[in-house]
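Residue-level listing of the chains:
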Amino acid sequence: MHEYSIVASLIDRVQQEAEARGSSRVHRLHVKIGELAGVELDLLKTAFDTFRERTICDGAELSIHAISASWACPSCKRTVERGAILRCDTCGRPARLVQGDEIILERIEMEAPDV
Amino acid sequence: MCETCGCGDPEIVPVEVQERILSDNDAQAAHNRSHFEGLGLLAINLMGSPGAGKTALLEATAKAAGKELKLGAVSGDLATERDADRLNASGIVSATITTGSACHLDARLVHHALHHFPSSDRDIFFIENVGNLVCPAIYDLGQAANVVALSVTEGEDKPLKYPVMFQRADLVLLTKIDLIPHLDFDVSAVEDALARVMPNAAMLKVSAKTGEGIDAWLTWLAKHRPSPVEGRATHTHEHSHEHQ
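Heads up: the protein sequence lines correspond to chains U and Z, in order.
Numbers 0 to 114, taken from numbering that gives the first Met the number 0, label the letters of the first sequence in order.
Numbers 0 to 243, taken from numbering that gives the first Met the number 0, label the letters of the second sequence in order.
Each hint should be verified, as a subset may be incorrect.
[What the hints assert, rightly or not] Keeping only pairs whose Cα atoms sit at most 30 Å apart, straight-line, the calculated DSSO-like set for lysine-lysine is: (1) K44(U) - K160(Z); (2) K160(Z) - K31(U); (3) K76(U) - K160(Z); (4) K204(Z) - K69(Z).
[What the hints assert, rightly or not] Residues from chain Z that face chain U, not an exhaustive set, calculated with beta carbons under 10 Å: (5) E18; (6) R19; (7) I20; (8) S22; (9) K66; (10) L68; (11) A101; (12) D169; (13) R195; (14) M197; (15) I213.
[As the list claims (entries may be wrong)] Pulled from the structure, derived: some chain U residues nowhere near chain Z, Cβ distances all over 10 Å: (16) S22; (17) H26; (18) L40; (19) D41; (20) T49; (21) F50; (22) D57; (23) S69; (24) S74; (25) C75; (26) D88; (27) Q98; (28) E105.
Hint data in this document are derived by calculation from the structure and do not stem from the laboratory.
Just so you know, even glycine gets a beta-carbon here, dropped at the ideal spot from N, CA and C.
In isolation and in its complexed conformation, chain Z is listed as follows (with noise of 0.2 Å):
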């Protein structure tokens, strides 16, 4: 009862807060970054449109460097497992995070597919979030780089309409190159665009299909792979939770 005048009103608390409204995210996402840290693997939070070629992406990837490395993925993926049969063909170890209508991957659903993984002994471990320039941006999965794969087919303008993607990228891999001389497509436009989102704007051009720019590629995951740990366990962090 309101203590002001006694007239029967409920009194209404203010109760302060101040705290992120994804905070039970976060906290997952700190959880699967200890998990990728124990493993001593480089967990890549793969983005792009529906189309952009992420998945020929990763099996260029494995192409090029599956002997010397061993690369994991899952794939988020609103209805098939198309894709990690795709990349199970091309040698990566995948599996499916099968998300029914949800528009992106968030930290529970990648922990709970980590959890289920057929292999723990990866060295580059691949998040293939669902294809959508809008809702993974601001999920984050515990993942130590975030790298968005934009194909010149989806024109240079796209950084601008786009920019909370485009912002939170650590590298953007500008896909299907070989398809340049076919279009009207300016380089140098994306590159000036991608400057006025991302502060510290990073490009590669590759093509999934002959093959160009992916020594980059590797170049740029090799710098970004954390340095090796003497007698690496397998699950060193305190869990306060219980897993399924």
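Pulled out of the complex, with its shape left as it was, chain U reads as follows (with noise of 0.2 Å):
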């Protein structure tokens, strides 16, 4: 259950950018997270809805932009299928991870302060 985790850290960031801004209040989150980031999307959204109480997130939303996993030879780019051996057919290096590993926080909706 380190999604809880998570949002601690997640809650904290937002806090500081919000003080920041001297924001005092937060309408959405906009998270990346990848399918090889070992974190469970609908956890992700308990924790979240759990925690944001009496934070700067409270009343917050949270968008998750979930990004499948791809991998591909790292000299001739050749996609690999999912589930297949992670080596390339053709020139038999090993695959890389183009994308799915993400844990990122991408955008905050905040409120400007009153001038």
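Each chain sits in its own coordinate frame; assemble them with the hints.
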């Protein structure tokens, strides 16, 4: 259940960004989570809904952008099929993960302070 | 206030971040890595299920190489100090990181343990993670390599069920191979499963009980040790924080 510790880090980061901009309310967070990031999306949502109360994220929505994993040969760029041996059919080199291990805070939508 | 129409609703501004959520852990891990490099030791993050044989593997490592190599370890344990007690008895200088209910070690916990560790004069430093095939995989601790222990009693399909863990392994140790004659365990099936989740699949077969395969494991460790540095300092990197 490391999703709870991820949410704790996420809320800390949002707090810092909001404070730096004098904002006291966050409406929405956009995060990008890869299939091979080791993060269960449902658990992440539950953890966020639980932990956001009485933080800067109280009432904020979590918008998750799920990224599927894809592997390719680093030299000839051929894609390795899902579930296949992670080695290039043509040149035999070990495949490289092109995408799918992201755990990224992309964007925060926050209220601008009243001037 | 909304500047478009003056309606009184607050204005919403998007703030681009585009950073890893665990960037704090990454920074702490980089700090640990420079500790390890400054000390010239090889740091190994040893992961695996509860009961995969991580502690027994380290005991067997100490038995085979404890005279030639100075070994150290910290063990992540939810509630007890049993692993560290076993390791100390085998000659590995050890300490426990009691994690309470936490299911993994993070770089901050390892850093704290490093500063309370009884010796800075080690050749190889094992970080025995909490027994778990999921959570420990995503936290960088500052290690030079990830080693995953997989015992033959867990079944051949574990790499396919836990791809995140095995994808990040630099080496898989198939443990308890002395039990193979008593099981329907197909070594080629686990090799095939690994090749589908681990791009540079590497596996060694070991038995802590009989000592079989421990030589190959020691050879792997020797190959990954940093080359000796003359006049090595014990704490060469800059600190951006106070140590407690």
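We went through each hint and held it up to the structure:
1. For the hint pairing K44(U) with K160(Z), the CA-to-CA distance comes to about 22 Å; that is within 30 Å, so the pair holds.
2. Between the alpha carbons of K160(Z) and K31(U) the distance comes to roughly 23 Å, so the proposed pair stays at or under 30 Å and holds.
3. Restraint check: the Cα-Cα separation between K76(U) and K160(Z) comes to about 27 Å, which is no more than 30 Å; the hinted pair holds.
4. For the given pair, K204(Z) sits about 24 Å from K69(Z) by alpha-carbon distance, which is consistent with the 30 Å threshold.
5. At about 6 Å, the closest approach between the beta carbon of E18(Z) and any beta carbon in chain U falls short of 10 Å, and the interface hint on this residue holds.
6. Because the beta carbon of R19(Z) sits about 6 Å from the nearest beta carbon in chain U, less than 10 Å, this interface hint is met.
7. Nearest Cβ of chain U to the Cβ of I20(Z): about 5 Å, under the 10 Å cut. The hint holds.
8. The beta carbon of S22(Z) is positioned within 10 Å of a beta carbon in chain U (closest approach about 8 Å), and the interface hint is therefore held.
9. Because the closest C-beta pair between K66(Z) and chain U is about 36 Å apart, greater than 10 Å, the hint is violated.
10. Annotation: L68(Z) was flagged as interfacial toward chain U, and the flag is violated, the nearest CB pair being 30 Å apart, outside 10 Å.
11. Because the beta carbon of A101(Z) sits about 7 Å from the nearest beta carbon in chain U, less than 10 Å, this interface hint is met.
12. Contact between D169(Z) and chain U, as hinted, is not supported at the beta carbon level, the nearest pair being about 12 Å apart and thus beyond 10 Å.
13. Interface hint at R195(Z): satisfied, since its Cβ lies 6 Å from the closest Cβ of chain U, which is below the 10 Å cut-off.
14. Among the interface hints, the one on M197(Z) holds; its C-beta lies about 7 Å from the nearest C-beta in chain U, closer than the 10 Å criterion.
15. Checking I213(Z) against chain U by beta carbon gives a least distance of about 27 Å; that is not within 10 Å, so the hint is violated.
16. With a least CB separation of 8 Å from chain Z, S22(U) falls inside the 10 Å interface cut-off, contrary to its annotation.
17. At roughly 6 Å from the closest C-beta of chain Z, the C-beta of H26(U) falls inside 10 Å, breaking its exclusion from the interface.
18. Listed as outside the interface, L40(U) is consistent with that label: its C-beta sits roughly 14 Å from the nearest C-beta of chain Z, beyond the 10 Å cut-off.
19. Consistency note on D41(U): stated as away from chain Z, and its beta-carbon is indeed over 10 Å from all of that chain's, at 14 Å minimum.
20. Once the 10 Å rule is applied to beta carbons, T49(U) is consistent with being away from chain Z; the minimum gap is 15 Å.
21. Every C-beta of chain Z lies more than 10 Å from that of F50(U), the closest at about 13 Å, which supports listing it as non-interface.
22. For D57(U), the non-interface assignment is confirmed: its Cβ lies about 15 Å from the closest Cβ of chain Z, beyond the 10 Å cut-off.
23. Under the 10 Å C-beta cut-off, the non-interface status given to S69(U) relative to chain Z holds; the minimum distance is some 13 Å.
24. Consistency note on S74(U): stated as away from chain Z, and its beta-carbon is indeed over 10 Å from all of that chain's, at 13 Å minimum.
25. Distance check on C75(U): its Cβ is at least 15 Å (rounded) from any Cβ of chain Z, clearing the 10 Å threshold; non-interface status holds.
26. For D88(U), the non-interface assignment is confirmed: its Cβ lies about 13 Å from the closest Cβ of chain Z, beyond the 10 Å cut-off.
27. Interface exclusion of Q98(U) from chain Z stands, the closest Cβ pair being 13 Å apart, more than 10 Å.
28. Residue placement check: E105(U) does not keep its beta carbon more than 10 Å from all beta carbons of chain Z (closest about 6 Å).
Hint compliance for this structure: hints 9, 10, 12, 15, 16, 17, 28 are not met, and every other hint is.
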